[in-house]
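Visitor: The lines below spell out each chain.
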Amino acid sequence: MPRSRGAHKSGPRRNENNRIYADPLPLLFSHPEPTRLNSILNLLGLSTTQVLNPHCEGYFDATTRSVWVSNQKDSLILWRRGFFGKGDLSRSEPSWLTRQINARKSRAAGQMTSEEVTAKRREERKQFKFDRAQAMAAAAAEAEAAFAEGREVHSATSADGTRSIPSAATWKPQRQTSNEGPAPSEDFPDELDEEPLEDVEHLQLTLPEAFFLLWNIDCLTVHDPNTDAPMTLQQVWNAFRNAQTHHATVSSFPPDLNRFDNPFLVNYVVYHHYRSLGWVIKGGIKFCVDYLLYKRGPVFHHAEFAIVVCPVYEDPADQESSPYDLQNTSPFEWSWLSTINRVNSQVQKTLILTYVTVPAQSRVAPDILSSPACFAHYSVREVVLKRFIPARMRD
Amino acid sequence: MDDSLEQPGAAPDPIESSDRLDADEENSSGDEDGGLDWTKLPTGAGRPVIPKRGEKDFEPSAGGGSGLQLHVLDRARSAMFDALKATPSASSKSISYAIWHPGISRAHVTLARGVHFSSVGHSAPRIVWKEGEASKIHKRLELLPEEALYLVERGTLFCTKESSTLKSNVPGSEDIEGAPMSVQQAFAEMIGTEDLSLEKYQVFAYLKRLGFSVTRTEPPTPCYPSARPYATHNRMPSVLQRLCSWFPSWMHRFRRLLTASFNWWSPLRLSGRLYHDKDYPSVFKSLRFLPSGHTVPLHTTQKTQVEASSPYKIFFNLYKPSTPFRKSAPGPPDFSLVVVNARTTPMPSLYELTALFDVLPELPPPQPRQRRSTSNKTSTEPPKIAPSTVSAPTAQQSLMCRLFPWAFGIEQASPWRPNPFMVLKSGKKQVVVAAVDAGSISFFRFGQGAFEELPMA
Amino acid sequence: MDTRIRLRVSNEKAYVWDVDDITTLRSKHHICGILTGTLPHLSQQNVFLGVPLVLMPEEVVFLVETELAIIIDDPRAHSGPSAPILQKYNDERIEAINLQISLVEAREAKEAASAGRAMSEEALRKRKTREQRKELERAKAAAAADSTESHTSLFVPDSSAHTSEPSVPQPSPTPAPTTPAYTVIVPPSSSSLPWYAPQTRTHTTLASARTAGVWTYPKTLHERAKCGVFRGLWGKGYFMGGGIKFGGDYLVYPGDPLRYHSHFVASVIDSPTSNLRPMEIVAHGRLGTATKKAHLLCGWDDEKQEVSYFSIEWAGFG
Amino acid sequence: MENHPSYPALSSVLPKYPRAAGALFQAYNDILFAQQWSDVEVIDLASCSRGAVKGRRPQTDETLCVVPCSLAESISTSWLHDAFKELQFPKEIYLAITSEDASIVYYKISRGIVKPPV
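Residue numbers (full-length UniProt numbering), protein chains in the order written: chain B, 1 to 395; chain R, 1 to 457; chain U, 1 to 318; chain H, 1 to 118.
Just so you know, these hints were derived from the structure itself, not from any lab. Model, not experiment: these values are computed from the prediction. A hint or two may mislead.
[Said to hold, decoys possible] Subject to a maximum C-alpha distance of 27 Å in a straight line, what follows is the list of computed BS3-like cross-link-like pairs (lysine-lysine): (1) U:Lys-110 <-> U:Lys-126; (2) H:Lys-85 <-> B:Lys-129; (3) U:Lys-292 <-> B:Lys-126; (4) R:Lys-278 <-> B:Lys-73; (5) U:Lys-292 <-> B:Lys-172; (6) U:Lys-88 <-> R:Lys-85; (7) U:Lys-88 <-> R:Lys-313; (8) B:Lys-126 <-> B:Lys-73; (9) U:Lys-219 <-> R:Lys-40; (10) U:Lys-236 <-> H:Lys-115; (11) H:Lys-91 <-> H:Lys-108; (12) U:Lys-236 <-> H:Lys-108; (13) H:Lys-91 <-> H:Lys-115; (14) H:Lys-108 <-> H:Lys-85; (15) U:Lys-292 <-> H:Lys-115; (16) R:Lys-285 <-> B:Lys-295; (17) U:Lys-28 <-> H:Lys-85; (18) U:Lys-219 <-> U:Lys-88; (19) H:Lys-54 <-> B:Lys-126; (20) R:Lys-40 <-> U:Lys-126; (21) B:Lys-120 <-> H:Lys-91; (22) U:Lys-88 <-> R:Lys-93; (23) H:Lys-54 <-> H:Lys-85; (24) H:Lys-85 <-> B:Lys-120; (25) U:Lys-126 <-> B:Lys-129; (26) H:Lys-115 <-> B:Lys-105; (27) H:Lys-91 <-> B:Lys-129; (28) H:Lys-85 <-> B:Lys-126; (29) H:Lys-54 <-> U:Lys-236.
[Claimed, not checked] From the derived model, a few chain B residues whose C-beta atoms are all more than 12 Å from chain U: (30) Pro-12; (31) Phe-29; (32) Asn-42; (33) Thr-48; (34) Gly-87; (35) Ser-92; (36) Ser-114; (37) Lys-126; (38) Lys-129; (39) Gln-234; (40) Val-308.
Glycine included, C-beta positions come from ideal geometry on N, C-alpha and C.
With the rest of the complex left out, here is chain B (with noise of 0.2 Å):
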């Protein structure tokens, strides 16, 4: 365990989570019971472990460029067994319907929801630094005052001072001053409680995950959403680096396909990497990087490490004729380097610059990708990123 941040959770917590999250992948292997011909089996080098395929369904989507997964059953899958995908209106597990359900029941029984009670953390803290302020400006004013007159002036925020400055610490709301939960009958007639809620809510795979459950574990079949029918491999593989054509400035509209700076692949890259390690790789916008790297999942630890894909192009031709506008794929300014870095050591984070080749097009002739067979001309390497802090090492 990297670090003990988990441990605040409660045992019983924690091996239900270690129970619902046990498997790192979708696929499961069965082993039967050990009988004298399985074992004979074994000594053979035969196997009668069974492989139990979930055959989860989604749909792509262009728009957004990526599958929806809307059965229920097969999100559940998903993000129970490898962190695989969002819910399109939640922070990670598809859990809107139920946040509205429950919002229903607190209303209907005069509670405040879990959004208004963070709503109200929000006020009462805004509320704490109004207060702070102005016992800021009460105490300058004090020591003005005081200087004018020619008195001894107490520093305003000293603990010395005559005021005391409320702290995050000692501050307690004085009343509750708004967001009380609204009344139960008036503003909710019974009425609109009965009306069934209708579930908006998907389970949303990037392109890379569901490439990577499609290609490599065969447990997700993507459906055309014009015609209703499973894509086959190669479809789905045209279809994926087809769908990158924002990234395409509009010069060169549509771009060439057969390109290995295409975002899909050079993302798929960096996925498949960490993911071939046992990392849970999750986006990373909140703390500006592109990926988060979690040990077991989200569930369990906070993410140790935020990476920066940064392409690299083997032959600067190729960037210069690229119809997209890749980013990171020149050397970073210190401002930004210091920006980025900053961001995740506040939050404990090793900032990871993840750099990707992309093939010269003069080396790899184009038409290997055709194929999945591009894959092999790549590469990943990692540069860890660290403040060094010369006080620090001076033993």
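Model the placement of chains R, U and H on the given structure of chain B, informed by the hints.
Guide: Below, chains R, U and H alone, put in the same frame as chain B:
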């Protein structure tokens, strides 16, 4: 689990707050530069302690500040200006003397006194012309420009500028030649020589003030003592290495890709009855077929290769104050440092980083974390580079294992397995880059990642 | 007399050596620069630094353009003295040293007399050795204490005190044993050197300095943008410090950074059409919120020669 | 996509600006369903080639303007200026930045120099 941290206002973590207490302008909390409280500057003798940071206001009140604000500001400013008026000086019994020779960019030390010379200066043979005599080679003590400038500005070296005609006759220093140099003149004339930029000087002085010994990595002249710590490590091909040069380890790792049997439309075949290890670790292992790691060759075209003019050359060797240092025979450095001007040079490219890593030694695995009851601020620091262990058996063993994994019956796991997170966070090789923006220095450590060697599953 | 600030330029870096100039810059012109020299009596730390003050290039451009400062080509201003001038200078130095020595001798004689007994030269020598030994022990003890408490101590012991390898060729000349100790001053600025001649090496405009190859900043659109933004923010009464460490180009203070926290981290955007990645907004917004600053995007329009500002904050929801 | 309950409200703008369609779709759903804003409407923001969203946060009266953009795009200060202009210079606009994993973050952009709260 990251939910609580996703909001940008999330409370800063304890590690960063301990940073904040670090009484150094390394401080991460924000606007410390130029914002120090000079009124807290220790004045008298004795060992001063950290002056507390002054409490600052949010903003001046209307009209440029209230009476009290202006008063406090005035006090802070005069404390600062008073401190700046101090002149560099030393007792005549402890000051050293040198003559600056612009033609060779060296200061010839004519009188060396004090502890500084145990880590500064080197011996250089020079032809000396004496009147009426033939030329003779004398060994003499010389300073590089950064060494001379540093000693001059702290007032421990009195430097004059070479002149054939001018002689002084100051008591106690009868043979001083030339005109005295001010600190200002030393800045104007010594910087810009022998590859010394202001940025490099600022980094040098910063580290010297912290007690580090700092030497040039690339000897400017053959007589300059060179650490050359890596030559034996990387440049002497062993029998083993020569044997393996035609079969690099990365090829072994990805040999499946090179065989016709690999089906790119179906990389993982689990359905067959013959598949022996039907469990998650084997599945993940079979998924590791994409080339990764720094040993995979980096294909470049002519244009992307690191140019000779790249500023990314290791310039200084750093020795911690606690490392025994002999200036005539320096050992392997604790850190290797590159200095760049942050305004004109972006961070290094992958090609530049690769070139840097190529000349650096592999680090021994990080030491187990020292648990401390109060804080564990050392936990994320890189390991100490113990020079004696660089070529220790562990390093060789891991090399062997990486070259001939099948002989050891292992594919990925090396015997080198301390806390994998520590290894992943420090990297196998490290280079420190100091990026200087008009005098403010940011130090970053770039580590060569090794994720492919330490899978999680 | 020209009261403009004298910026001593060498290697395209501008230094201010006169403390009075540093005072004027800060108090009158709201220009901070960065102190970069070692403070003579606090030479083992990096928190408080001394002269010279190094200016950011945009500070230099601003000061010269507004005729608040002039550029001096410093290497050329340091001509060598003629023999008579140096002779005179050295004579004055010797005179000052002799004065110092006689003052010390007078004080010592007085002390010796008041001690009630005249010491033999031998006794004096012994006392001196004793004192020196004590002093050394004190220093060692202090250094040892320092190294054990290095986390709380700002002042680093001189490491070289522990190792005392003799420097390779020990130069022979030692001061005559009879000369008493006196203080040797290393002149900080060159103004005290009679042969320093800045008057003849002065550039009052950027154009003149550029032609002479002494100062060429700004050369690019980006550098022009930085100068334009700096001038714009200065004109609004702010103080600016370098911001690279903090995720931008400048830290922007509402008053002297000695007394006020910065309100913004500012980043310079070269032109209205320069690419702005949404990820930059995320990062800057996030970092600002965590450090109680707002982020300021400062967009330069080179044609109109004006700056437009956008402030970024976290939305507070989502 | 066409079967999604919010498609009818977006159908006028989504096909018009295909490159920004994903970001708008995501932001609109998040605001309506996850943030639970009221009086949510989509408006055509031609100068930025996309639709924008207006609405009120729960229990507030102020109408806020949200401009969606995807992490993969590049914007500029003139883009920001155009957005302000076409929205008739509101006090601030909220940039909804979307990522393909369905994550979304909101940042408030104000014109001019707006100092942080004390």
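Visitor: Look at each hint and say if it fits the structure.
Guide: Here is how each hint holds up against the structure:
{"no.": "1", "hint": "U:Lys-110 <-> U:Lys-126", "result": "holds (19 Å)"}
{"no.": "2", "hint": "H:Lys-85 <-> B:Lys-129", "result": "violated (33 Å)"}
{"no.": "3", "hint": "U:Lys-292 <-> B:Lys-126", "result": "holds (13 Å)"}
{"no.": "4", "hint": "R:Lys-278 <-> B:Lys-73", "result": "holds (25 Å)"}
{"no.": "5", "hint": "U:Lys-292 <-> B:Lys-172", "result": "holds (22 Å)"}
{"no.": "6", "hint": "U:Lys-88 <-> R:Lys-85", "result": "holds (26 Å)"}
{"no.": "7", "hint": "U:Lys-88 <-> R:Lys-313", "result": "violated (47 Å)"}
{"no.": "8", "hint": "B:Lys-126 <-> B:Lys-73", "result": "violated (41 Å)"}
{"no.": "9", "hint": "U:Lys-219 <-> R:Lys-40", "result": "violated (41 Å)"}
{"no.": "10", "hint": "U:Lys-236 <-> H:Lys-115", "result": "holds (13 Å)"}
{"no.": "11", "hint": "H:Lys-91 <-> H:Lys-108", "result": "holds (10 Å)"}
{"no.": "12", "hint": "U:Lys-236 <-> H:Lys-108", "result": "holds (23 Å)"}
{"no.": "13", "hint": "H:Lys-91 <-> H:Lys-115", "result": "holds (14 Å)"}
{"no.": "14", "hint": "H:Lys-108 <-> H:Lys-85", "result": "holds (16 Å)"}
{"no.": "15", "hint": "U:Lys-292 <-> H:Lys-115", "result": "holds (10 Å)"}
{"no.": "16", "hint": "R:Lys-285 <-> B:Lys-295", "result": "holds (16 Å)"}
{"no.": "17", "hint": "U:Lys-28 <-> H:Lys-85", "result": "violated (39 Å)"}
{"no.": "18", "hint": "U:Lys-219 <-> U:Lys-88", "result": "violated (45 Å)"}
{"no.": "19", "hint": "H:Lys-54 <-> B:Lys-126", "result": "holds (25 Å)"}
{"no.": "20", "hint": "R:Lys-40 <-> U:Lys-126", "result": "violated (40 Å)"}
{"no.": "21", "hint": "B:Lys-120 <-> H:Lys-91", "result": "holds (24 Å)"}
{"no.": "22", "hint": "U:Lys-88 <-> R:Lys-93", "result": "holds (24 Å)"}
{"no.": "23", "hint": "H:Lys-54 <-> H:Lys-85", "result": "holds (15 Å)"}
{"no.": "24", "hint": "H:Lys-85 <-> B:Lys-120", "result": "violated (34 Å)"}
{"no.": "25", "hint": "U:Lys-126 <-> B:Lys-129", "result": "violated (68 Å)"}
{"no.": "26", "hint": "H:Lys-115 <-> B:Lys-105", "result": "violated (42 Å)"}
{"no.": "27", "hint": "H:Lys-91 <-> B:Lys-129", "result": "holds (22 Å)"}
{"no.": "28", "hint": "H:Lys-85 <-> B:Lys-126", "result": "violated (31 Å)"}
{"no.": "29", "hint": "H:Lys-54 <-> U:Lys-236", "result": "violated (34 Å)"}
{"no.": "30", "hint": "Pro-12", "result": "holds (32 Å)"}
{"no.": "31", "hint": "Phe-29", "result": "holds (40 Å)"}
{"no.": "32", "hint": "Asn-42", "result": "holds (52 Å)"}
{"no.": "33", "hint": "Thr-48", "result": "holds (50 Å)"}
{"no.": "34", "hint": "Gly-87", "result": "holds (15 Å)"}
{"no.": "35", "hint": "Ser-92", "result": "holds (15 Å)"}
{"no.": "36", "hint": "Ser-114", "result": "holds (14 Å)"}
{"no.": "37", "hint": "Lys-126", "result": "violated (9 Å)"}
{"no.": "38", "hint": "Lys-129", "result": "violated (10 Å)"}
{"no.": "39", "hint": "Gln-234", "result": "holds (33 Å)"}
{"no.": "40", "hint": "Val-308", "result": "violated (10 Å)"}
In summary, the structure is inconsistent with hints 2, 7, 8, 9, 17, 18, 20, 24, 25, 26, 28, 29, 37, 38, 40 from the numbered list given earlier, while agreeing with the others.
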